[in-house]
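Student: Read off the chains here:
Protein chains: 2
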Amino acid sequence: MQRQPTLEFWYEFASTYSYLSAMRVEAAAEQAGVRVVWRPFLLGPVFKAQGWDNSPFNLFPVKGRYMWRDMEREAARLRIPFYHPKIFPQNGLMAARVALLGSDRGWTPAFTRAVYTAEFGDGRDISDPQTILDILTGLNLDAEAVIAEAQSDTNKTRLRRMGDEVLSRGLFGAPTFFAEDGEMFWGNDRLEQALDWAIAQARRGAAPG
Amino acid sequence: MQRQPTLEFWYEFASTYSYLSAMRVEAAAEQAGVRVVWRPFLLGPVFKAQGWDNSPFNLFPVKGRYMWRDMEREAARLRIPFYHPKIFPQNGLMAARVALLGSDRGWTPAFTRAVYTAEFGDGRDISDPQTILDILTGLNLDAEAVIAEAQSDTNKTRLRRMGDEVLSRGLFGAPTFFAEDGEMFWGNDRLEQALDWAIAQARRGAAPG
Numbered sequence: 001m002q003r004q005p006t007l008e009f010w011y012e013f014a015s016t017y018s019y020l021s022a023m024r025v026e027a028a029a030e031q032a033g034v035r036v037v038w039r040p041f042l043l044g045p046v047f048k049a050q051g052w053d054n055s056p057f058n059l060f061p062v063k064g065r066y067m068w069r070d071m072e073r074e075a076a077r078l079r080i081p082f083y084h085p086k087i088f089p090q091n092g093l094m095a096a097r098v099a100l101l102g103s104d105r106g107w108t109p110a111f112t113r114a115v116y117t118a119e120f121g122d123g124r125d126i127s128d129p130q131t132i133l134d135i136l137t138g139l140n141l142d143a144e145a146v147i148a149e150a151q152s153d154t155n156k157t158r159l160r161r162m163g164d165e166v167l168s169r170g171l172f173g174a175p176t177f178f179a180e181d182g183e184m185f186w187g188n189d190r191l192e193q194a195l196d197w198a199i200a201q202a203r204r205g206a207a208p209g
Numbered sequence: 001m002q003r004q005p006t007l008e009f010w011y012e013f014a015s016t017y018s019y020l021s022a023m024r025v026e027a028a029a030e031q032a033g034v035r036v037v038w039r040p041f042l043l044g045p046v047f048k049a050q051g052w053d054n055s056p057f058n059l060f061p062v063k064g065r066y067m068w069r070d071m072e073r074e075a076a077r078l079r080i081p082f083y084h085p086k087i088f089p090q091n092g093l094m095a096a097r098v099a100l101l102g103s104d105r106g107w108t109p110a111f112t113r114a115v116y117t118a119e120f121g122d123g124r125d126i127s128d129p130q131t132i133l134d135i136l137t138g139l140n141l142d143a144e145a146v147i148a149e150a151q152s153d154t155n156k157t158r159l160r161r162m163g164d165e166v167l168s169r170g171l172f173g174a175p176t177f178f179a180e181d182g183e184m185f186w187g188n189d190r191l192e193q194a195l196d197w198a199i200a201q202a203r204r205g206a207a208p209g
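Residue numbers (our numbering), protein chains in the order written: chain S, 1 to 209; chain P, 1 to 209.
Any given hint might turn out to be false.
Calculated lysine-lysine pairs in the DSSO-like style (CA-CA distance at most 27 Å, straight line) [what the hints assert, rightly or not]: (1) S:Lys63 - P:Lys63; (2) P:Lys63 - S:Lys48; (3) S:Lys48 - S:Lys156; (4) S:Lys63 - P:Lys48; (5) S:Lys48 - P:Lys156; (6) P:Lys156 - P:Lys48; (7) P:Lys86 - P:Lys48; (8) P:Lys63 - P:Lys48.
Pair ranges (Cβ atoms, derived) [stated by the list, open to error]: (9) S:Ala148 - P:Tyr83: 29 to 39 Å; (10) P:Ala32 - S:Leu139: 21 to 31 Å; (11) S:Arg65 - P:Gly64: 22 to 32 Å; (12) P:Pro56 - S:Trp68: 38 to 48 Å; (13) S:Asp122 - P:Gly123: 44 to 54 Å; (14) P:Leu167 - S:Leu167: 30 to 40 Å; (15) S:Asp122 - P:Glu180: 33 to 43 Å; (16) P:Asn58 - S:Arg65: 23 to 33 Å; (17) S:Gly51 - P:Leu167: 16 to 26 Å; (18) P:Asp128 - S:Pro81: 20 to 30 Å.
No lab work stands behind these hints: they were computed from the structure. Heads up, the beta-carbon is just placed ideally off N, CA and C, and yes, glycines get one too.
Starting from the given sequences, assemble the full structure and let the hints guide the process.
Tutor: What follows is the structure in structure tokens.
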């Protein structure tokens, strides 16, 4: 029997193109027969390693203006709601901690989509603890308990350790997809290629010899 | 009768993703019924305006390593030959001057594809005048005369003036596509969307009222 292909989906809550991927990765992967591992992470330390103290879309305004226009067009094409938030980039630290905590418990995909929808669909501020509380409550979770556990030292340390993994794997932006052989794909524009790669790799792995 | 849609294709000879677009834009546009205007330009002044004195793929090595891998994959997917040249970025000044000269004479698309094939298909140095001479001769042109005219003050000035147009239109990378209404699309990944936009715009222009 052939193993089910797996694709890691690395995303940052402040990232606009991660939003587009988060809203469509599950349906696309299901259709392709690929299992998705959701890996929330923080892009800040990655940008710092490249000498940037802000989003490159703010550091390079002509590129930033284009990105917002491209997001409008791509969201419309993919039939995903889109709102240009007043605050950009937003601080996604608490959201990332919560999403990481949920990754062993099955609710990270739904939580992630709800956070992105609040941010880029409704224009809310995801650094506001009330936004995260409302979302967790909407998922029928014990919101206060989840947030307390997300901010425990154990969970904080786990998120920081992911930062080391990010740098050692050559990840430099979001979203990023990894196949099981380490092949890396960057950007919402590469989701289809990443799924194709994961499938082809699983076939090779299943072949004799 | 409906006007034929037009798309401007802005490209830089040092740019890897411009190569992928140059090799496929004519067939894709013909199939879509869109006319292509080939616009060679220099990215150097654009990068300088962003504070960069080199290709961002050299300035940010993790991104550069990924780009070369992505080029291998994308070239294979699009069935375009690909060779990672020893020199990058290459100096495409003479090639750009010649391509600009040819744009009123009908041979710019063929010349452009030949230059890119030398650079990224065969790994040759396009800043070597002999490379350009060989290509022009291969197109049955009077190579010496073309190069002399390409390096005339009139033609040099025309290329420099395009630099002002580039900055005023918000262009920041290559390849870039412009529809007739000024809508801008950046990157080989947006060729299909740019063609769709050009077609939709021509339809709107042809509609009454």
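Student: If a hint holds in the structure, say so; if it doesn't, say that too.
Tutor: Each hint tested on the structure:
At most 27 Å may separate the alpha-carbon atoms for a hinted pair to count; Lys63 (chain S) and Lys63 (chain P) meet this at roughly 17 Å. Distance check on the hinted pair: Lys63 (chain P) and Lys48 (chain S) sit about 14 Å apart at the alpha-carbon level, within 27 Å; holds. As the CA atoms of Lys48 (chain S) and Lys156 (chain S) are separated by approximately 19 Å, the hinted pair is consistent with the 27 Å bound. For a cut-off of 27 Å, the pair hint linking Lys63 (chain S) to Lys48 (chain P) stands: about 14 Å separates their Cα positions.
As the CA atoms of Lys48 (chain S) and Lys156 (chain P) are separated by approximately 40 Å, the hinted pair breaks the 27 Å bound. For the suggested pair Lys156 (chain P) and Lys48 (chain P), the alpha carbons sit about 19 Å apart, so the restraint of at most 27 Å is met. About 23 Å separates the Cα atoms of Lys86 (chain P) and Lys48 (chain P), which keeps this hinted pair within 27 Å; it holds. Simply put, Lys63 (chain P) and Lys48 (chain P) have alpha-carbon atoms about 19 Å apart, close enough for the 27 Å limit, and the pair holds.
Remark: the range hint 29 to 39 Å for Ala148 (chain S) to Tyr83 (chain P) is contradicted by a beta-carbon distance near 56 Å. In this structure the hint that Ala32 (chain P) and Leu139 (chain S) lie 21 to 31 Å apart at CB is violated, the actual value being about 44 Å. Roughly 25 Å separates the CB atoms of Arg65 (chain S) and Gly64 (chain P), a value that falls within the hinted 22 to 32 Å. Between Pro56 (chain P) and Trp68 (chain S) the Cβ separation comes to about 20 Å, which falls outside the hinted range of 38 to 48 Å.
A C-beta distance of roughly 51 Å is found between Asp122 (chain S) and Gly123 (chain P), which places it inside the suggested range of 44 to 54 Å. With their beta carbons about 35 Å apart, Leu167 (chain P) and Leu167 (chain S) fall inside the hinted range of 30 to 40 Å. Between Asp122 (chain S) and Glu180 (chain P) the CB atoms are about 35 Å apart, so this pair conforms to the stated range of 33 to 43 Å. Distance hint for Asn58 (chain P) and Arg65 (chain S): a CB-CB separation of about 25 Å, consistent with the stated range 23 to 33 Å.
Between Gly51 (chain S) and Leu167 (chain P) the CB atoms are about 24 Å apart, so this pair conforms to the stated range of 16 to 26 Å. Distance hint check for Asp128 (chain P) and Pro81 (chain S): the Cβ-Cβ separation is about 52 Å, which falls outside the suggested range of 20 to 30 Å.
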